[in-house]
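For chain A, the structure is supplied; the task is to place chain B on it using the hints.
Line by line, the protein sequences are chains A and B.
Numbering-wise, the numbering used here comes out as the position in the first sequence, counting from 1, plus 5.
Numbering-wise, the numbering used here comes out as the position in the second sequence, counting from 1, plus 7.
Incorrect hints may appear among the rest.
As the list claims (entries may be wrong) - Covered stretches of chain A, as calculated for chain B (at least 3 residues, CB under 8 Å):
#, region
1, 52-61
2, 74-86
3, 162-170
Unchecked claim - Between beta-carbon pairs, the in silico distance windows are:
#, chain 1, residue 1, chain 2, residue 2, range
4, A, K120, B, A581, 39 to 49 Å
5, B, G305, A, Q89, 49 to 59 Å
6, A, S178, B, K497, 58 to 68 Å
7, A, G156, B, V344, 31 to 41 Å
8, A, G156, B, F15, 38 to 48 Å
9, A, K120, B, M298, 57 to 67 Å
Everything labelled a hint here was simulated from the structure, so no lab data went into it.
Positions of the beta carbon are idealized from the N, C-alpha and C atoms, including for glycine.
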Amino acid sequence: MSDVVKEDVVDAAVDEAHSGDIAGALADAHDDGHGEAHHSSLGLSNTKLAMWLFLGSECLLFGGLITTYMLYRNAHSADVGPDQLWDIPFTSASSFVLLMSSLTMVMAVSAANRKDDRNTKSWLIVTALLGSLFLAGQVYEFTTFYREGLGYTDSLFASSFYTLTGFHGVHVSVGIVMLLATMAMIAKNKISGDKAETVEMVGLYWHFVDVVWIIIFTLVYLIPA
Amino acid sequence: MYGVVAMFFFVVGGIEAGLIRLQLAGPEGTILSADKYNQMFTMHATTMVFLFVMPMAAAFANYFIPLQIGARDVAFPRLNALSLWLFVAGGLFLNSSWILGGGADGGWFMYAPNSDTPFSPSNGVDFWALGLQITGIASLVGAINLIVTVLNMRAPGMSLMKMPIFTWMAMITQFLLLFAMPVITVALFLLMFQRSFGATFFSVEEGADPLLWQHLFWIFGHPEVYIIVLPAFGIVSEVLPVFSKKPLFGYPFVVFSGAAIGFVGWGVWAHHMFASGLGPVSVAVFSVATMAIAVPTGVKIINWTLTMWGGKLQFTTAMLFAVGLIVQFTIGGLSGVTHAVAPSDTQQTDTYYIVAHFHYVIFGGGVLGLFSGIYYWWPKVFGKKLNESWGKWNFWLMIIGMNLTFGPMHIIGLQGQPRRMYVWTEARAGEGFFNLGMWNLVATIGTFVLGIGILLFFVNALVIHRSQPVAPLDPWDARSLEWLTTSPPKAHNFDRTPTVHALDEVFYRKYEDVGKGDEHDYVQRASLEDLMLEEERHADAHIHLPAPSYWPMVLAVSLPIMAYGVIYTSWLIALGGAIAIAAMFGWALEPADAEDSDFDPPAPGEQTSKELANV
Chain A
6 MSDVVKEDVV DAAVDEAHSG DIAGALADAH DDGHGEAHHS SLGLSNTKLA MWLFLGSECL
66 LFGGLITTYM LYRNAHSADV GPDQLWDIPF TSASSFVLLM SSLTMVMAVS AANRKDDRNT
126 KSWLIVTALL GSLFLAGQVY EFTTFYREGL GYTDSLFASS FYTLTGFHGV HVSVGIVMLL
186 ATMAMIAKNK ISGDKAETVE MVGLYWHFVD VVWIIIFTLV YLIPA
Chain B
8 MYGVVAMFFF VVGGIEAGLI RLQLAGPEGT ILSADKYNQM FTMHATTMVF LFVMPMAAAF
68 ANYFIPLQIG ARDVAFPRLN ALSLWLFVAG GLFLNSSWIL GGGADGGWFM YAPNSDTPFS
128 PSNGVDFWAL GLQITGIASL VGAINLIVTV LNMRAPGMSL MKMPIFTWMA MITQFLLLFA
188 MPVITVALFL LMFQRSFGAT FFSVEEGADP LLWQHLFWIF GHPEVYIIVL PAFGIVSEVL
248 PVFSKKPLFG YPFVVFSGAA IGFVGWGVWA HHMFASGLGP VSVAVFSVAT MAIAVPTGVK
308 IINWTLTMWG GKLQFTTAML FAVGLIVQFT IGGLSGVTHA VAPSDTQQTD TYYIVAHFHY
368 VIFGGGVLGL FSGIYYWWPK VFGKKLNESW GKWNFWLMII GMNLTFGPMH IIGLQGQPRR
428 MYVWTEARAG EGFFNLGMWN LVATIGTFVL GIGILLFFVN ALVIHRSQPV APLDPWDARS
488 LEWLTTSPPK AHNFDRTPTV HALDEVFYRK YEDVGKGDEH DYVQRASLED LMLEEERHAD
548 AHIHLPAPSY WPMVLAVSLP IMAYGVIYTS WLIALGGAIA IAAMFGWALE PADAEDSDFD
608 PPAPGEQTSK ELANV
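Pulled out of the complex, with its shape left as it was, chain A reads as follows (with noise of 0.2 Å):
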């Protein structure tokens, strides 16, 4: 409802911008095209309130993929579960290094907005080598609860779990790739529109697939079986 109302506050102001056409019904001038193409009834860009309702639609892929995950974390085996494969100094370490990247990331996306393009490419790069580092710590982390006993399909958990973990990792895979596009497309001089927001769009996905690794990080490795 709040919502509703604060868009209608928006809308008067746009209202108010355009009083002049408010005035005659029928018979007003008008302005040429070209104010048209960035003209928002919500002030916020096309572009962004997209990424807002994609990310909000992210959060339930997300929330069925950790009721999953809940609803099977404790059917494993005796020798083979949380108790004996977590380990938590070493995953706490690599959350830290996903956690920094955020904040390399905000560091490009003011570079960005200084139209700073050096320091963006160059913190863009610093975030992406972050994310993979993270990464590599996943794949490691992988492997070993493989060689411990640990299969894709052993037990619900290990579904569940690798599902999960799974399905984080492909997104930040696909921010890194998001990232070092950027870069290059800044580098080559590529972006057709604002460069400062294209940044700022791959700063919120970033951003949010690092949140979900907070709450992920939680769950499942925090919160004792």
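Just chain B, lined up with the frame of chain A:
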């Protein structure tokens, strides 16, 4: 194009329904084997829900949302093209299972573990899961696109509460899609991992919870019901005022009851699972929530009725379908309340009574609404009306046919005939009025009456339509913004971006209120032709239009290739993946603002991606 493809799948689904009813026409039917029968009802439901009603509603939303809010196009034309091609690719992929070893056979809800490999060894379920995954992406992309369009691209002056009601209902639908799709995506992934990679999410012998699938499916599945029916509600809410010559009664109530349906729709999913032993607390909660959702729906029915009350009613075909929706949907709603009562529902679960209920709701609600929209907006899209007398035959045959088909199902359901059984036997058919044989035969005859009615529509649309005269600009004396442009609309929709002052903008531009005090008396001051001349005189000088692009199509084609790979051989996954990545990069590097298809009057605009995507 959405509409044309959806209509094709409507015919496919209709043929499947015909075969089902022929099989059940008499005792011990022999037309279909048990196995083929299973595939038939599964694919009938899947096709009708995912490949007809949803895309047909998407076609309306896609075409009319930009027109109703005074926008040039949707927010992301290339994403729009992607949705379309994904839907086509997913639909064809799903139906290709017929020639590759048989369709899916687990019911449209595909309950796991029943849909696991031991119980459904053919590839049908794999095709089903992957095909829906692809159309799901199409819906998700479309939802994001349309929500952004509605929220961000309204014409100056159009606040949310001045938005045409169809746009409102379509936007609520898109929000439901946005949040429902990821849940079915998870369920489909889990099912795919189980069937293709040996995971055990649904294997009860491994300790899995058999209710997991049911919960995931119905959290998606119940909002899905409102996804089907809300666009039709929106269409009817446009049609009734026009042909009653009155504004929509209680517009804010219709808007907020729509939103309420959208919210409460998330809290009723477990009423599909009353018979699964959820426990008394869950059952009570969901039972009450389900009764509660009848309230906003009832509000809408009352608003529609009062819109017609005291109006100058014109019974055009579009209006007939709209009134038909009110009546038929109310019947479906009433039998729905009997399901909300848990003890009564456990009696009815898995009988034909349920089939009767949801056909009254989906056919009586969804499909009649869509047909109303087709007749109402046809002159807008094609510049000619559909033939009205053929339309009326079409309507009456459909109404009689649907009541003959689905009405008797109440009786045979309460008599205990289970759904999804491929034969029934004379020995248990019962006596007299309640004889199953008679009512099954009536239902089958009804199906063919219904089929003839729909056939008349196709004759009307494809043959009779050609010799129809060109329709005037304003054939129905309409009220909302989509009529403030040529029919069919130009590629850039409006010559000048309209400025909106009122709900029913076009009506207030045409009519002046000369009543005194609280009295309202409207006198026409301008015709739509006058308004159009005015618009052309003040046309915007330079209109930016998006360039056409083929990358969305390439990306859409890559997904079925990957899906075939999952089923048959893994190198196809790699091939499809490579095409997908190439398409994404091609897309990203293609400049979104190519100037060459911009529109500068009076030069004619070139083909735009809107034309590729919308028609």
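Tested hints:
Given as covered by chain B, the region 52-61 of chain A passes the check, having 5 residues with a CB less than 8 Å from a CB of that chain where 3 are the minimum. Counting residues of the region 74-86 of chain A whose beta carbon lies closer than 8 Å to any beta carbon of chain B gives 3, which meets the minimum of three for the stated coverage. For the region 162-170 of chain A, the proposed coverage by chain B is satisfied: 3 residues have a C-beta within less than 8 Å of a C-beta in that chain, meeting the threshold of three. Between K120 (chain A) and A581 (chain B), the C-beta spacing of about 40 Å keeps the proposed range 39 to 49 Å intact.
Distance hint check: the CB atoms of G305 (chain B) and Q89 (chain A) are about 57 Å apart, consistent with the given range 49 to 59 Å. Between S178 (chain A) and K497 (chain B) the beta carbon distance is about 44 Å. The supplied range of 58 to 68 Å is therefore violated. Distance hint check: the CB atoms of G156 (chain A) and V344 (chain B) are about 50 Å apart, inconsistent with the given range 31 to 41 Å. The hint said 38 to 48 Å for the Cβ distance between G156 (chain A) and F15 (chain B), and at roughly 45 Å that hint holds.
In this structure the supplied range 57 to 67 Å holds for K120 (chain A) paired with M298 (chain B), their Cβ-Cβ distance being about 58 Å.
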